[in-house]
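Novice: Line by line, the protein sequences are chains A and B.
Each residue of the first sequence is one higher than the one before, starting from 10 at the first, in the numbering used here.
Each residue of the second sequence is one higher than the one before, starting from 5 at the first, in the numbering used here.
Keep in mind that the hints are not guaranteed to be accurate.
List of simulated lysine-lysine pairs, DSS-like, C-alpha gap at most 25 Å [stated by the list, open to error]:
#1 B:Lys437 - A:Lys117
#2 B:Lys437 - A:Lys167
#3 B:Lys280 - B:Lys319
#4 B:Lys219 - B:Lys260
Honestly, the hints are just simulated from the structure, not real lab data.
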Amino acid sequence: MSIISLDHIFKSYNDGKDYALYDIQLDLSENVTTAIVGTSGSGKSTLLQLINGLERPSRGKVFVFGHEINYAQLPALRRRLGYAVQGTGLFPHLTVGENITLLAILEKWESHRIKARAEELMQLTGLPADFSTRYPYELSGGQQQRVGLCRAMMLDPKIFLLDEAFGALDPITRSEIHEEFSRLQKVEPRTIIMVTHDLKEALKLAQQIIILHKGRIEQIGSGTQLLENPATEFVANFFKSQLS
Amino acid sequence: MRYSKNPDLTGPGPAGNNLNAKPPRCKDYTQHFSLRNLCGFAALREIFLICIVGVSSVSAQKIVVGSKFDAEGRILGEIIAQHLEHRGLQVERRLGLGATLICFQALTNGDIDVYPEYSGTIEQAILKLANRAALDELRQQLQQQHRLELLEPFGFNNTYAIVVRRADAERLNLKSIGDLNSVSDWRYGFSNEFLNRPDGWPGLAESYGLRAIPKGIEHGLIYRAIAENSLDVIDVYSTDANIQRYDLVILQDDKKFFPDYLAAPLAREKMPPAVKQALNELAGTIAETDMIALNAAATIDQKDFADIARAFLQKDRPTKSMPETRAQKIDWPAIFRRSLVHLFLTGFALLLAMLIAIPAGVMVYRSPSMSRPLLYVVGLLQTIPSIALLAFMIPFFGIGTTPAIVALFLYALLPILRNTTAALFSVDPLLKKVSLGMGLTTWQRLRHIELPLAAPTILAGIKTAAVINVGTATLAAFIGAGGLGEFIVTGLALTNTRLVLHGAIPAAILAIVVEFIFEWLEKILIPKHLLQKTAE
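Taking the hints into account, I'd like the entire structure generated from these sequences.
Specialist: Encoded structure:
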């Protein structure tokens, strides 16, 4: 039983003349990390945002946790999906602690539970405890990215959506975050869907890679499968250009 | 008018009460549910003042006497009020209510019962008659069109007059207005009202063939201008004490161009006959020379209006010597009291504007199609000149505190609404997307993300509105709402700069204090790094 299913999804624009996504058929299994890779304009962000309802399909159905999305009750669904974006998206008027715990407060968790979970997450991502009273602007890019991950994991979501979440980091910080990320996945395994334009990042973190091109899926498979048996010329060229 | 809730318990009131039998209860109700009573600002202000200053004025039914803001109007208003009091009537004073437009609106609206008006003004500005009309014709039209009654004139004619410096008149042998054609290059300056009325400069110039291009100037400043040689020819009123003070000469109106301006009490028709009778006792008692002397006592000797009126009325009563000239020291208690009223008017209007404009801004943000129409309407309100807006308020809200607060409220809307919508629309789209994707509901996004991020800009809008209001509230004195404007209005009427500064300096200080308060609010409400961001 797959945790996320996309059933013949079409996403059109310009009054149906053009397609951002064309006949996408996809089933994702629990606790597997999937990377969606493609050039810019391939539709990879749109595909990711179908899962938390930020985008609605023109045709076709989206199933999450075994149920078709109820678009009237998106906030409830979204709280079960962790969401992190490029450039962190931390709220500048809230402290680090407030950013991390906002959702739990809105969910009316008891305060000792909120405190314990926040401390646990900060420890897990290597953030000093005294950072919680600082404002995001006082932190480095890598530290902010870690706060963003803590915030997304606060309610312990079973599904985690990462939209170019590590895109804005310098190479050293980025590789540090990659280490944290892999370690987290061992401690708290989740179903992760990450969008990236960086094939190396996808190969490093994901068990399954989707190559998207002009709104269509070119190939799905493990890194090794794609590398050894590219299904199309585009996939072969993409690997060649990215890994050279 | 106020009625006590339980009138029967009070028993027979003062002598005047029988003149104003209380209306039946049902009528009392309609009075109660009128728009201005519903709003109840006046009552609120009273409570506010009682709390802070300890002034209370609970009153039975009274004759409400109004007047324009100029010195002569106030003296006549005081004479009317004191004479009625002498006859045993209860009187409430609403003196110093702007110019003709505001007094007349207040009278037809029933906010005042009587005020002194001039026959020429009634003919030209109120009834807008094309031809000269006799008093009887004016009376007939006032009665038919407005249900008002023009009582017997006081006895003097305060018409327009054209004056020059005595030295100039003697040197050039100027006697009549027509003689002005013999001098060229003279600078003419007229009050704005005179400059624009058909019976003012346009008609005069045509009648005498004058070709000068006059400047418009505030009447309170016009004498100083001619005394300091910045002007050579000005308009005055023929009973003006300043003619003597500045040694000016009236040029004769040979062609009888200026109409008569006979001063008389203009009253509501419904006034009890006994009141009208009492007012008619004043008929013919004030000659032109008397009025000039009375005006001189106010504008030159700076005596109190009430004292001047009392001295005049007591000519044929047991005499009491007139108190000394109005004290030249600063009246701190009055400044304090009026500053509080000023702050109350400004603060209350601001609070109301915030309660309306911030939610309206949020609504505009939620449905942007509303934004243009709403901003246009609110922007349009901003362009209405304050005096005109105050006059428009009278039919709906009467005179006093309520219309002033409503007008200030309308002026405060735009800066707050505009800043609220602008701030919400400019919240970083990435943050909007993240808060949506995290699963915050519409309300939670507004409450926790969008409004806090918009707060610095919204606060700046409120600050702008507050500072504008502190300035505009000085005009509230024109419709009897009090505040620091009272000093300014009276000071202008008396050509008394000292008195003008009594109002102007505290108003300026208030504006600065308001700035400081908002800076302090910013400091405690908004994290520092967000403030720096908005300042960039």
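Novice: Are the Cα positions of Lys219 of chain B and Lys260 of chain B separated by 25 Å at most?
Specialist: holds, 24 Å
Novice: Does Lys117 of chain A lie within 25 Å of Lys437 of chain B when you go C-alpha to C-alpha?
Specialist: holds, 23 Å
Novice: Can you confirm whether the C-alpha distance between Lys280 of chain B and Lys319 of chain B stays at or below 25 Å?
Specialist: This hinted pair holds, its Cα atoms lying about 22 Å apart.
Novice: Holds or violated: are the alpha carbons of Lys437 of chain B and Lys167 of chain A at most 25 Å from each other?
Specialist: holds, 21 Å
In summary, this structure violates none of the numbered hints.
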